[in-house]
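Taken in sequence, the protein lines are chains A and B.
Note that the numbering used here gives residue 236 to position 236 of the first sequence, counting from 1, and the numbers run on in steps of one.
Note that the numbering used here gives residue 1074 to position 74 of the second sequence, counting from 1, and the numbers run on in steps of one.
None of these hints come from the bench; they were simulated from the model.
These figures come from a predicted structure and were not determined experimentally.
Quick reminder that beta carbons are idealized off the backbone N, C-alpha and C, glycines included.
Please note that a few of the clues may not be correct.
As the list claims (entries may be wrong) - Example chain B residues on the side facing chain A (calculated, C-beta under 10 Å, incomplete):
no.	residue
1	1017
2	1022
3	1030
4	1034
5	1044
6	1046
7	1047
8	1068
9	1070
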Amino acid sequence: MSMRVAVLRFPGTWSENDFAHALEIVGAEADILWHADADLRPYDAAIVPGGFTYGDYLRAGAIAALSPAAAELRRADKDGMPILGSCNGFQILCEIGLLPGALVRNRHLEFRCDWVHMRIESDRTPFTAGLRGDVVRMPIAHGEGCWVADELTLARIEANGQVVFRYTDARGGATPEANPNGSTANIAGVANAAGNVVGLMPHPERCSEELLGGTDGRRVLEALTASRYIGMAPASVQ
Amino acid sequence: MTDFIATIRVRPKAEVRDPQGEAISGALRSLGMDVADVRTGKEIVVRFVAPDEPAARVVATKMGDELLANPVIEEFAVEVAAE
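Generate the whole structure from the sequences, applying the supplied hints.
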């Protein structure tokens, strides 16, 4: 039985169709769900895709974080469901409070649309199982991707292995030059303490087939479909 | 019940860098103005009805806590005035 993945759509989401397509490439069954009445219970995993929900007004992700989907994501997280947020989806998960830190304006103030390299720092998540230490290449497209947190939070997540993706050069060196937005400690993606919720600024769905110039995004989605987390969410709903 | 106007000023916490402020600071210096530092923020003005000023302040503070500011990166101040 293939994995069933819910892909959330808010007003202003733009990557939901690409995610559904990429998930189908890895053999998952993807449904796009409207945020206002999304029911995640029949699903094995959920994706919060990129975009500019509610025009990024107030703060990126701030208004989407008040959607009924936010309560549904909180409930699914309690059941241990794998949840991935990419780009604006990462911002939304931080605003909801499911992930540590916040994403602010890129330090150089430029919108950055480019390819980046990242080292996978943790395999304690369903999206990176078996990938620790690998350097992957994925595209970014954001103006507010600079991840920040207070020193205590940073120390805590570094110690807990919650830093999942770090911007590096092609050889895996986390240099200032390899950091596209000024993120603290070159952090490109983080997880919650349990590891089931992951957010990253790059776009795995945009590099899941040769035609698009890269296939490293597929590895993250394949890790999900191959993970031992399959079926865990429905089973835990007693 | 009275009409109130609450002004909520949100700004990045002191320890959070403010790249917009830094860019503005550079631009002001390019105009020959000797500025030491610039910090930016936003002002949100809300009109609503409340029984009295303390109650209006409570409501405006709740707006700041629950939506207008993100406590990870921002702080806010509230001013309330009867219309």
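Q | Status of the residue 1070 of chain B interface restraint (C-beta, 10 Å, chain A) | A | holds (6 Å)
**Q.** Interface hint status, residue 1046 of chain B versus chain A (Cβ within 10 Å)
**A.** violated (13 Å)
Q.
Just to be careful: measuring from the Cβ of residue 1068 of chain B to every Cβ in chain A, is the smallest value less than 10 Å?
A. Since chain A brings a Cβ to about 7 Å from residue 1068 of chain B, closer than 10 Å, the hint holds.
Q: Double-check residue 1044 of chain B for me: the hint is only fine if its C-beta lies closer than 10 Å to a C-beta in chain A.
A: Holds: closest Cβ of chain A sits about 8 Å from residue 1044 of chain B, inside 10 Å.
Q) When the nearest CB of chain A is found for residue 1047 of chain B, is that gap smaller than 10 Å? A) With a minimum Cβ separation of about 18 Å from chain A (threshold 10 Å), the hint on residue 1047 of chain B is violated.
Q.
Does the closest beta carbon of chain A sit nearer than 10 Å to the beta carbon of residue 1034 of chain B?
A. With a closest approach of 23 Å, the residue 1034 of chain B hint is violated.
Q. With 10 Å as the cut and Cβ atoms as the points, is residue 1030 of chain B at the interface with chain A?
A. Hint on residue 1030 of chain B: violated, closest Cβ of chain A at ~15 Å, above 10 Å.
Q: Would you check whether residue 1022 of chain B satisfies its interface hint, that is, whether its CB is within less than 10 Å of any CB in chain A?
A: Hint holds; residue 1022 of chain B Cβ to chain A Cβ min 9 Å, cut 10 Å.
Q | Agreement of hint residue 1017 of chain B with chain A interface, Cβ distance less than 10 Å | A | Given a least distance of 7 Å, the restraint on residue 1017 of chain B holds.
Checked against the numbered hints given earlier, this structure breaks hints 3, 4, 6 and 7; the rest are met.
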